[in-house]
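Number of protein chains: 6
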Amino acid sequence: MPSEQNDPASRVPPMDSAEGEVIMTELVLPSHTNALGTIFGGVVMSWIDIAGAISAQRFCRKQVVTASIDDMAFVAVIKLGWVVHIRAKVNYTAKTSMEIGVRVDAEDPKTGVKHHTASAYLTFVAIDENGKPIPVPKFLPKSADEKRRHLAAVKRREIRLERRKKTN
Amino acid sequence: MPSEQNDPASRVPPMDSAEGEVIMTELVLPSHTNALGTIFGGVVMSWIDIAGAISAQRFCRKQVVTASIDDMAFVAVIKLGWVVHIRAKVNYTAKTSMEIGVRVDAEDPKTGVKHHTASAYLTFVAIDENGKPIPVPKFLPKSADEKRRHLAAVKRREIRLERRKKTN
Amino acid sequence: MPSEQNDPASRVPPMDSAEGEVIMTELVLPSHTNALGTIFGGVVMSWIDIAGAISAQRFCRKQVVTASIDDMAFVAVIKLGWVVHIRAKVNYTAKTSMEIGVRVDAEDPKTGVKHHTASAYLTFVAIDENGKPIPVPKFLPKSADEKRRHLAAVKRREIRLERRKKTN
Amino acid sequence: MPSEQNDPASRVPPMDSAEGEVIMTELVLPSHTNALGTIFGGVVMSWIDIAGAISAQRFCRKQVVTASIDDMAFVAVIKLGWVVHIRAKVNYTAKTSMEIGVRVDAEDPKTGVKHHTASAYLTFVAIDENGKPIPVPKFLPKSADEKRRHLAAVKRREIRLERRKKTN
Amino acid sequence: MPSEQNDPASRVPPMDSAEGEVIMTELVLPSHTNALGTIFGGVVMSWIDIAGAISAQRFCRKQVVTASIDDMAFVAVIKLGWVVHIRAKVNYTAKTSMEIGVRVDAEDPKTGVKHHTASAYLTFVAIDENGKPIPVPKFLPKSADEKRRHLAAVKRREIRLERRKKTN
Amino acid sequence: MPSEQNDPASRVPPMDSAEGEVIMTELVLPSHTNALGTIFGGVVMSWIDIAGAISAQRFCRKQVVTASIDDMAFVAVIKLGWVVHIRAKVNYTAKTSMEIGVRVDAEDPKTGVKHHTASAYLTFVAIDENGKPIPVPKFLPKSADEKRRHLAAVKRREIRLERRKKTN
Numbered sequence: 006m007p008s009e010q011n012d013p014a015s016r017v018p019p020m021d022s023a024e025g026e027v028i029m030t031e032l033v034l035p036s037h038t039n040a041l042g043t044i045f046g047g048v049v050m051s052w053i054d055i056a057g058a059i060s061a062q063r064f065c066r067k068q069v070v071t072a073s074i075d076d077m078a079f080v081a082v083i084k085l086g087w088v089v090h091i092r093a094k095v096n097y098t099a100k101t102s103m104e105i106g107v108r109v110d111a112e113d114p115k116t117g118v119k120h121h122t123a124s125a126y127l128t129f130v131a132i133d134e135n136g137k138p139i140p141v142p143k144f145l146p147k148s149a150d151e152k153r154r155h156l157a158a159v160k161r162r163e164i165r166l167e168r169r170k171k172t173n
Numbered sequence: 006m007p008s009e010q011n012d013p014a015s016r017v018p019p020m021d022s023a024e025g026e027v028i029m030t031e032l033v034l035p036s037h038t039n040a041l042g043t044i045f046g047g048v049v050m051s052w053i054d055i056a057g058a059i060s061a062q063r064f065c066r067k068q069v070v071t072a073s074i075d076d077m078a079f080v081a082v083i084k085l086g087w088v089v090h091i092r093a094k095v096n097y098t099a100k101t102s103m104e105i106g107v108r109v110d111a112e113d114p115k116t117g118v119k120h121h122t123a124s125a126y127l128t129f130v131a132i133d134e135n136g137k138p139i140p141v142p143k144f145l146p147k148s149a150d151e152k153r154r155h156l157a158a159v160k161r162r163e164i165r166l167e168r169r170k171k172t173n
Numbered sequence: 006m007p008s009e010q011n012d013p014a015s016r017v018p019p020m021d022s023a024e025g026e027v028i029m030t031e032l033v034l035p036s037h038t039n040a041l042g043t044i045f046g047g048v049v050m051s052w053i054d055i056a057g058a059i060s061a062q063r064f065c066r067k068q069v070v071t072a073s074i075d076d077m078a079f080v081a082v083i084k085l086g087w088v089v090h091i092r093a094k095v096n097y098t099a100k101t102s103m104e105i106g107v108r109v110d111a112e113d114p115k116t117g118v119k120h121h122t123a124s125a126y127l128t129f130v131a132i133d134e135n136g137k138p139i140p141v142p143k144f145l146p147k148s149a150d151e152k153r154r155h156l157a158a159v160k161r162r163e164i165r166l167e168r169r170k171k172t173n
Numbered sequence: 006m007p008s009e010q011n012d013p014a015s016r017v018p019p020m021d022s023a024e025g026e027v028i029m030t031e032l033v034l035p036s037h038t039n040a041l042g043t044i045f046g047g048v049v050m051s052w053i054d055i056a057g058a059i060s061a062q063r064f065c066r067k068q069v070v071t072a073s074i075d076d077m078a079f080v081a082v083i084k085l086g087w088v089v090h091i092r093a094k095v096n097y098t099a100k101t102s103m104e105i106g107v108r109v110d111a112e113d114p115k116t117g118v119k120h121h122t123a124s125a126y127l128t129f130v131a132i133d134e135n136g137k138p139i140p141v142p143k144f145l146p147k148s149a150d151e152k153r154r155h156l157a158a159v160k161r162r163e164i165r166l167e168r169r170k171k172t173n
Numbered sequence: 006m007p008s009e010q011n012d013p014a015s016r017v018p019p020m021d022s023a024e025g026e027v028i029m030t031e032l033v034l035p036s037h038t039n040a041l042g043t044i045f046g047g048v049v050m051s052w053i054d055i056a057g058a059i060s061a062q063r064f065c066r067k068q069v070v071t072a073s074i075d076d077m078a079f080v081a082v083i084k085l086g087w088v089v090h091i092r093a094k095v096n097y098t099a100k101t102s103m104e105i106g107v108r109v110d111a112e113d114p115k116t117g118v119k120h121h122t123a124s125a126y127l128t129f130v131a132i133d134e135n136g137k138p139i140p141v142p143k144f145l146p147k148s149a150d151e152k153r154r155h156l157a158a159v160k161r162r163e164i165r166l167e168r169r170k171k172t173n
Numbered sequence: 006m007p008s009e010q011n012d013p014a015s016r017v018p019p020m021d022s023a024e025g026e027v028i029m030t031e032l033v034l035p036s037h038t039n040a041l042g043t044i045f046g047g048v049v050m051s052w053i054d055i056a057g058a059i060s061a062q063r064f065c066r067k068q069v070v071t072a073s074i075d076d077m078a079f080v081a082v083i084k085l086g087w088v089v090h091i092r093a094k095v096n097y098t099a100k101t102s103m104e105i106g107v108r109v110d111a112e113d114p115k116t117g118v119k120h121h122t123a124s125a126y127l128t129f130v131a132i133d134e135n136g137k138p139i140p141v142p143k144f145l146p147k148s149a150d151e152k153r154r155h156l157a158a159v160k161r162r163e164i165r166l167e168r169r170k171k172t173n
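Chains as they are written, first to last, in this note's numbering: chain U, 6 to 173; chain D, 6 to 173; chain H, 6 to 173; chain P, 6 to 173; chain A, 6 to 173; chain V, 6 to 173.
With the rest of the complex left out, here is chain U (with noise of 0.2 Å):
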């Protein structure tokens, strides 16, 4: 992982919020579901990885690699047949990294009753061709709700730090 001290002068210009925002939606199949009819756990962490990848490379327009995810808690299964909606949005941002929001509904169709399902926290860097880190553009919240949720990733991004230092 690399050092993502703030270097503000090698830094790409910013660039808009919403740019980088991701909708995705996935009907589940039976190749998602274990003998129950219920899905894998697995399958909708892959769908939050790569709705948050584009989200990322959205927001930095380079190629990017998953570096962390946060702790998450699946708040309610999800059956054969049903629709997932995934919505991944950028967060905060690092010298050459991201952090990415991920939030997951699911719905039955028959009903239309939605269930909120999981949130994650995703750490993306930008690497080059040689797959090195490389500076993205700044977040700059704007909205309410994204210095809300600019102000919250900074929070997580310390406990991170915090965490690596003890298990070092």
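Please note that a few of the clues may not be correct.
Any copy will do: because identical chains look the same in the list, a pair fits if it lies in one copy or spans two.
The list that follows gives simulated cross-link-like pairs (lysine-lysine, DSSO-like), each with its CA atoms no further than 27 Å apart [stated by the list, open to error]:
id, residue 1, residue 2
1, LYS137, LYS100
2, LYS100, LYS160
3, LYS100, LYS170
4, LYS137, LYS170
5, LYS84, LYS147
Because the hints were derived from the structure by calculation, they are not lab data.
Position chains D, H, P, A and V relative to chain U; hints supplied.
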């Protein structure tokens, strides 16, 4: 295919158009492309069908099957690593069927340049558990855009019925 | 899309029609079907596109891309465990493009009963390594059946060009 | 494996060989190949098994399971973008089982050059809904080619039974 | 999520830890990687989830669903053609849930050099046929290594419960 | 296929057998099974080939292709939701090829009962970047078990060469 004369009496109550709208985002992977790194037309058709089916299903809250697809042209190629946006909306409803309009745009994530790739019109039929066609709610266009799309769909339907007559 | 006026001088030599014929057989697996065990229309379209592309490629011996597909109807459902037969043949060639006819039949393997499911007409364009359209051999219909299909393809092409004019 | 002594009395009536013939065509995609762009042997085996299973199923009109496969060699490599032809035919039937012969050829679509890649002999057993072996129709070779293949299959069956004795 | 207070009386008898251990090996194919030939984080998460689910299921002999995953970092990239080793083990059990530890290593098959890629801790809940949580056997650590991992899992569980309290 | 006379002089140095051992675990998903929920033989063959290829590749540290597979029988069915264990080991090496032994066991995760399903012997050839066969390290059996398997492999190789002579 079921006969679809208008019989308002047997209809379930009308429903809001926004319910049926679907936004899908897909990333073009190596398994979607040929030896030159260009997407297969059939992969795009497959995404169009899934987006259309979810849209129809979300509108009528029943299981649906694809009944037909109008002629469509692929006006731009889509390449490995690009992001594909699929947008599906209800345009028109008959007794047991719905016309769904789908628009496909492809985006080169490195530059952000978007290319309109294809537009498609599909007809889905709502079916019960024995596979028999069943009535769908009536689509009532509200916005100016919805009214324009509804009118165009009525014309396409006339052309379809005309064509089918000629073929028989 | 390339302009496709007839310019026989720049053509590569004509080729036998039988070369381009393709027969595909597919087994309907759980991942191809919805919650009622009925195949997705998009899966069938995807097989049609692959069969058509192989047929076009085998005829012109070049890489091809899907340019368009005519309107098509699914006249019978296909179920989990059934066997699907796809047959693709060259009907007509223009300067850089080929019309391929595809017929889909589905068979219940328990009874052997076959159902005609769909017929489709696709146009493929031959491309070089830079994605530029390149000439294809001329299709010369020989048998009575080929001549009949060739004539019908010429008419379909006129209708397509007519429609495109109207849209622009 | 079920005992397969001949008990003609319990047999269902004989059936035409042509019924069981299957022709499959597959396009080699990136997900079928290793880092050098060469197909995995297991992908070919998987297609051989599907073609054989469809052939056996079409012959006996029952669900079937793979019981065994004879030794086979891959005599030529198959590359990314090539077209693979798989042809499966019934050679012989015992009480509840069928020997299916499968031949695989690969074609470079750019040149049209075909390479014989592999030949395989598989035994399938017909089963009922509880997974118990059930009688299959008797295969009656008619053409000279069918008679030759039938005779060869009888010899292979003797060798198989001989080998199994040695192993026990 | 079920409440998981200790109620030894309702427990099924304890079971050997080795039962729950799982070793998976995966080959990185083109369909697992992005345009730079680097694996998607979500593919790795998906393998981690499957390995963890098999481990949990093998331990409790019941159907399981993923309840949560702790934060994890990808400390090294994995490339096309590499071999991925996934190792999953039970660390701890509560009344109806199990913590599974998963370790992922990637190996360049040309050199044999192995890279530790990620470590993950997942919680799975055992469910009955109606999706209701049911008791699992108690995990009794025996070896020094198992005792060490068990202790660490107890601490992680406290942190998780603490965090959840804060969020609510 | 390359000629494989022993020419110790051109050999690369011998290597430890344990290097080549591979353990794979797979979960049987709906997309692996037929309409009765029983796995396709071809799916098992595909896993056998991947496990064998990884084993051969890990032993010789080169790209490999499948050259042949000995006859094999499926002695027990494998069902949806079961766990499949595949174990692959080097048994013998010739100049440019390796015999890999693979054993497949299936486990019902609800009961823990394991069924030996199939055993297979595959030959892989090491190739360079142009697809030409290249020498592999010599496998030196050490343990009693390895010596027994090595001896059996030598006999199988003689039978294979004998058979091939007869066929030509």
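A quick look at each hint next to the structure:
1. LYS137 x LYS100: Close inside one copy (13 Å), not across copies (41 Å); limit 27 Å.
2. LYS100 x LYS160: Within. Shortest intra-copy distance 17 Å satisfies the 27 Å Cα cut-off; inter-copy 33 Å does not.
3. LYS100 x LYS170: For LYS100 and LYS170, only the intra-copy Cα distance (19 Å) is at most 27 Å; the inter-copy one is 33 Å.
4. LYS137 x LYS170: within (23 Å within a copy, 39 Å between copies)
5. LYS84 x LYS147: neither (37 Å within a copy, 33 Å between copies)
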